[in-house]
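Residue numbers (UniProt numbering), protein chains in the order written: chain A, 1 to 443; chain B, 1 to 443.
A few of these clues could be false.
Unchecked claim - Here are a few chain B residues that face chain A, going by a calculated C-beta distance under 7 Å: (1) A79; (2) R97; (3) R259.
Claimed, not checked - Result set (DSSO-like, lysine-lysine): computed pairs, CA atoms no more than 27 Å apart in a straight line: (4) A:K350 - B:K350; (5) B:K209 - A:K335; (6) B:K365 - A:K209; (7) A:K90 - B:K90; (8) B:K335 - A:K209.
Said to hold, decoys possible - To be clear about the criterion: a stretch of chain A counts as covered by chain B if any three or more of its residues have a C-beta under 8 Å from a C-beta of chain B, and this derived list gives those stretches: (9) 260 to 274; (10) 374 to 385.
Since the hints were derived computationally from the structure, they do not count as laboratory data. Nothing here was measured: the structure is a model prediction, and the numbers come from that model. C-beta atoms are modelled at their ideal positions from N, C-alpha and C, and glycine is treated no differently.
There are 2 protein chains.
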Amino acid sequence: MGANDHFGKPSLPARPGGSANGAAPARRRFLAQGGALATTALASLVPGEGAAAQNTPAPAAGAANLPPNVPEWERSLGAPTASPYGMPSKFEKDAIRRLYPGLTEPMSAYSTSPLQELDGSITPNGLFYERHHAGVPQIDPAQHRLMVHGLVERPLIFDMEEIRQFPSESHIYFLECSGNPSFLPPYGKTAAEVAGLVSCAQWTGVPLKTILQRVGLHKNAKWIVAEGADGASMTRSIPIEKCLDDAMLAYSQNGERLRPEQGYPLRLLVPGYEGNMNIKWLRRLHVTEAPGHTREETAKYTDLMADGRARQFSFVMECKSLITSPSGTHKLTRKGTHEMRGIAWSGRGKITHVDVSVDGGDTWKPAALQDPVFSKALTAFRAPFEWHGEELMIMSRAVDETGYVQPTLQQLIDARGKVSFYHNNAIQPWRIASNGEVTNGRS
Amino acid sequence: MGANDHFGKPSLPARPGGSANGAAPARRRFLAQGGALATTALASLVPGEGAAAQNTPAPAAGAANLPPNVPEWERSLGAPTASPYGMPSKFEKDAIRRLYPGLTEPMSAYSTSPLQELDGSITPNGLFYERHHAGVPQIDPAQHRLMVHGLVERPLIFDMEEIRQFPSESHIYFLECSGNPSFLPPYGKTAAEVAGLVSCAQWTGVPLKTILQRVGLHKNAKWIVAEGADGASMTRSIPIEKCLDDAMLAYSQNGERLRPEQGYPLRLLVPGYEGNMNIKWLRRLHVTEAPGHTREETAKYTDLMADGRARQFSFVMECKSLITSPSGTHKLTRKGTHEMRGIAWSGRGKITHVDVSVDGGDTWKPAALQDPVFSKALTAFRAPFEWHGEELMIMSRAVDETGYVQPTLQQLIDARGKVSFYHNNAIQPWRIASNGEVTNGRS
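Using the sequences and the hints given, assemble the complete structure.
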């Protein structure tokens, strides 16, 4: 018996006394009744069922004895198999990266990951946030080289084939821009505008310490100054302890080779450190005794304090969380139980718990964390909440394995003043209005 | 001091006695020397270094005092930021899905994931293998419905918004077509042709048991017959125990909504079971006392044995592994230490170990598994091996937490005969020739 017969959906128009493929009338009647039952039950038992019933497509003309809901796409062939590289549904037109609104210069710029459209903790490569200082170079991997020199026994140049010969590892880590977001208004409407410069992937590559063992470090090697092969020669200094800990030279992301905008064919990964230190298009590692004091650690990526001094080398992205659903521009259309969903992360290790509030932080209750929790990776959290048309202020607050508690914006301002720009990991509130519309609770 | 100064790469042509941006001649000489040192060391210390040195791009004319290897893409601006949805590098032209060679009918067809181009254990959505029975329907999620009826207290119809209101979970699971590959020649040249109908992703959705609790199962509910909304009305019967265990209704994959070819907007996931049972475009769950005995579990997806009987409902994809690098059509170009990389998986739980052989299975040694190992997910394994121009026959053999050991093809044929088509989880050999070329060891 074929699948169509089993459900009584004729593959040709039904004929009196039996269908073209031999399904008995009794069976078709039974199934039509089943469909009617379903519709009836829907109208009385499911929260929000009214809207669903109204939206149910009407049975095709002349098919009154068929089950309801046989949609047009089940009555025809679909698109051919094998798009060589697949793309999202045309209906997912909001799941795209966006530039900062009003930006006029797209070379030194960023685009945000649409967090409010995403689920779970892996960011698909096509939607991983971008931040470039001189655009995206198009590098031929056969021509790419990594030079390791300075305070080493054997300065060496590696090509990509050599790098891929080394023992490899795969790890899931987040990356976050240190300016995600700034302390200052405008605060943004959507989760992407508020904090869309964070993403997470499974990275594959070579532990940096493997390469450093190959070249042999001098005893006075204290820093590595890493340079990218982009037009900005993006350059940052990394303490040698980090280089010998969990730093990686990554060539793959979520299974495939790095995307051009993520550093193809090779990038540095310094898990938990601010995004710009994870040098893309990596071409040089200069082992030194002192930091380079490059533009990106003097003029930029330092934190100006209220007293006029600056925090320099503020590497670690501290513990943070964000509710992504519901979030700004979402709308609740049905009263009853909903699920609050979000992501939490810490540059210092694992998230140990996330609390959520629906009353602007007066009371809190624990959210469920999705197991397994990885160190320095996005961790999905969820918590049910009730909404019956009242105004709510929802927010989340994460704690990491060091005991660090995500602060409020006021606590950050009290500690650092209002001119500090980077490392804003404040609690983010969302307001749910009585009509269900969700907006930024910070105003 | 700017980044360019630090590395002595002038942003304008160097002038005698000093660069345009003020770097001192002494510094430039030092760095030029460093570059020379690196090239010299390369020629004597790195395995395979000769080829690298020869391929090193020559310094630009008139820039003899610059470090070598400053490539053209570091001398100019790159592409603008913010492709709304990113794509791989143009140099990754082999990392695509391919149809079975010679296939003329692309509606009931499959395309393979390019395993030989991938790393780690997550498959990017654009390269996740495809298998369709009537093409890919383009479904409007606002019009999509899931009907749950049959032996239930409250038959119900859900729209996507209702399904997303339920408590969600995220899990990493593999999917594999039961015909990956067939027992019979041709055996395929690449890892994709040999076993490219397997992929792995993080899935987010609702546990099926949550939905079944909502509708309320009758005591005699033993099976659920699941139907897809594609033109084939793809339909399979799932034992109720599996539905109440780890089965999910998934709406997201690797963070974003399902791709159309993976069942957008909703698919059934029955982790560890053969791919075709993970009904895509899921529109109906019919709770029954007996299986549907649909076309896909009678005419297809049964295993014909040598004695003429057939194994029916052979759901679980048994323990398997595959070396993906090096694999067929790869070529080793450098003698010395290489890394064997591959994937292992089992529909019965976690992989506990993988052994590898370089001598066609005469001797074995353990490979390293990438932690953490997930149940019913691809597990990356690696093992170093030496190659110095001799012929090798490399292969891998996985064991799962039930103690099941991946069999040889001969063991499978002894047990099931040669006409069995599905569920070939045999050990796969690759031959490395003396010239470094890698071919299928099965011939």
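Status of each hint after checking the structure:
{"no.": "1", "hint": "A79", "verdict": "4 Å, holds"}
{"no.": "2", "hint": "R97", "verdict": "6 Å, holds"}
{"no.": "3", "hint": "R259", "verdict": "5 Å, holds"}
{"no.": "4", "hint": "A:K350 - B:K350", "verdict": "23 Å, holds"}
{"no.": "5", "hint": "B:K209 - A:K335", "verdict": "23 Å, holds"}
{"no.": "6", "hint": "B:K365 - A:K209", "verdict": "25 Å, holds"}
{"no.": "7", "hint": "A:K90 - B:K90", "verdict": "23 Å, holds"}
{"no.": "8", "hint": "B:K335 - A:K209", "verdict": "23 Å, holds"}
{"no.": "9", "hint": "260 to 274", "verdict": "holds (count 4)"}
{"no.": "10", "hint": "374 to 385", "verdict": "holds (count 4)"}
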